Amino acid sequence: MNTKVSISGITFKNPVMTASGTFGSGMEYSDFVDLGRLGAVVTKGVANVPWEGNPTPRVAEVYGGMLNAIGLQNPGVEVFVERDLEFLKKYDTKVIVNVCGKTVEDYLEVVERLSDEDRVDMLEINVSCPNVREGAIAFGQKADALFGITSKIKEKAKQPVIMKLSPNVTSISEMAKAAEAAGADAVSLINTLTGMKIDIYRRRFALANRTGGLSGPAIKPVAVRMVYEAAHAVKIPVIGMGGIASAEDAIEFIMAGATAVAVGAMNFHDPYTTVRVMEGIEKFMESEGIEDINSIRGINL
Amino acid sequence: MSGKQKCASKVISQKMIADGIYDMWLEADFAGDVVPGQFIGVYTVNKAALLPRPISICEADRKGSAIRIVYRVVGTGTAEFALYGPGDYIMILGPLGNGFPLDEAEGKNVVVMGGGIGVPPLLETVKRLSEKKTPGPGEINAVMGYRSRDTFLSDEFSKYAGLYIASDDGSVGVKGNVIDALKESGKKPDLIFACGPMPMLKGIKSYAEENGIKAYLSLEERMACGVGACLGCVCRTKEADSHSHVKNARICTEGPVFDASILDL
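If you read the sequences in order, they're chains R and U.
With my numbering, letter number 271 in the first sequence gets 271, and the count goes up by one each step, no holes.
With my numbering, letter number 96 in the second sequence gets 96, and the count goes up by one each step, no holes.
Simulated from the structure, these hints should not be mistaken for laboratory data.
Note that this is a predicted model, so its numbers are computed, not measured.
Incorrect hints may appear among the rest.
25 Å max Cα-Cα, derived BS3-like pairs, lysine-lysine [stated by the list, open to error]:
id : chain 1 : residue 1 : chain 2 : residue 2
1  : R       : K90       : U       : K4
2  : U       : K205      : U       : K188
3  : R       : K197      : U       : K47
4  : U       : K4        : R       : K89
So that you can see chain R by itself, here it is in the shape it has in the complex (with noise of 0.2 Å):
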């Protein structure tokens, strides 16, 4: 049985991913899962230099799933690499690095600073935040934005480029095609929906951000959707995301045309999620009569 897939010339032992902002960088799951049974750890989202995110509340649950506007919190990229990277290395899996920045010169500042990175596989570029005010989503909702970005990082980078899309676009086929003629390598998707929620009793937003992004099984139908339209779009490969809560789940993502999938907003549910998924689908390759997960993705629906 195989279950190895391949993105831009890069093998994972298989398709199932971390979500970024949702594993940290591994660390805090390392308690419950082996990382090394992952295809790979996408790591919280990293900047140049520390940010401090927003005010708290910083999370609402809400029905089937949750809202948030961390504000992309992060230690800066020198802490990054001396402890999360090296973290990172004990591990047999590959790495994801999710960069966020509010100017182009804050992302390739990252970018630069990661290119002689042995450890870093791949980067997942986060165009596509909605809770940071500058910068982020201003590049992913627009496409000639979305190419300028792309094209900048591309020219820079040493690493295979995925760029990280939102859905609060109108065409995400044309964020995907943008984000492909600019040369980007793969992209990633669905980011969170942009959501509200007020606590009636006190006559307050639920967030202190007021609008977060919604993520968790209650976006699932529109992420497979999204993910079915990017990759009849383009011809690079398609990771999908949006409430993976099982091996099922992620099936349907590769029936949709995804090459690997992501577990987000689930591991808060289940620290376990991730390697769940993974066994689940290889029961389903096995009961099934599958010998080759990548034999399943995009099938004539």
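Keeping the supplied structure of chain R fixed, place chain U upon it in accordance with the hints.
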């Protein structure tokens, strides 16, 4: 077994001890490792509610491998927990966070201060302080704040500590807050361990600073993962902590108990 884990835990007993306040004993292998002030994440069966509910550990029966939680029903999750009875299983994650530094109590007069649903974790705290042999702490007193006459757990505190009560409506003890009750008691603590709502903790922090008293505060915030990965539950600190490298420490991991002097509340 040590170290945090997610497991199905059997309910031993549950009863309502005050209006909307429930008292549950659960089997837990890790009971022997619990430090007072630590908490667990409790999961709902309702799949529409994803996140573990952070609930403080009220007591740990180290020999019987059981823990006790006392919680208020505030939403769909806790309303579901209130329906559980003996023999039911409930998914829990724990023990989480850092508890109160009991060793610092050595030779000191300690006052624990709790408000509302911040009262429960202080029960195990006074129990453990009172068990300490020489050289143990000096005098142990508890100042508890309630909304009204429903002074849940207060009789149990009186087994381990001198008890002083404040109530919002004055129906029992001193009318006012826990600081009013502390002043009224005439007790002069060297060390305060406190848990309760933010306005109360801010008041205690100021009181402790003005009077040169060392204080440890247990904070509460909306949490998601409970294990330090998501950075949802942070609190402002005066200096950047060694994990975040910004002035936002994780309540679930560096806390929930913090030295009051490092906080910027």
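For each hint, the structure was consulted:
1. A hinted pair counts as satisfied when its Cα atoms are at most 25 Å apart, and K90/R with K4/U qualifies at roughly 21 Å.
2. At roughly 15 Å between alpha-carbon atoms, K205/U and K188/U fall within 25 Å of each other, so this suggested pair holds.
3. For the hint pairing K197/R with K47/U, the CA-to-CA distance comes to about 19 Å; that is within 25 Å, so the pair holds.
4. Between K4/U and K89/R, the direct Cα distance comes to roughly 24 Å. Compliance with the 25 Å bound is thereby established for this hinted pair.
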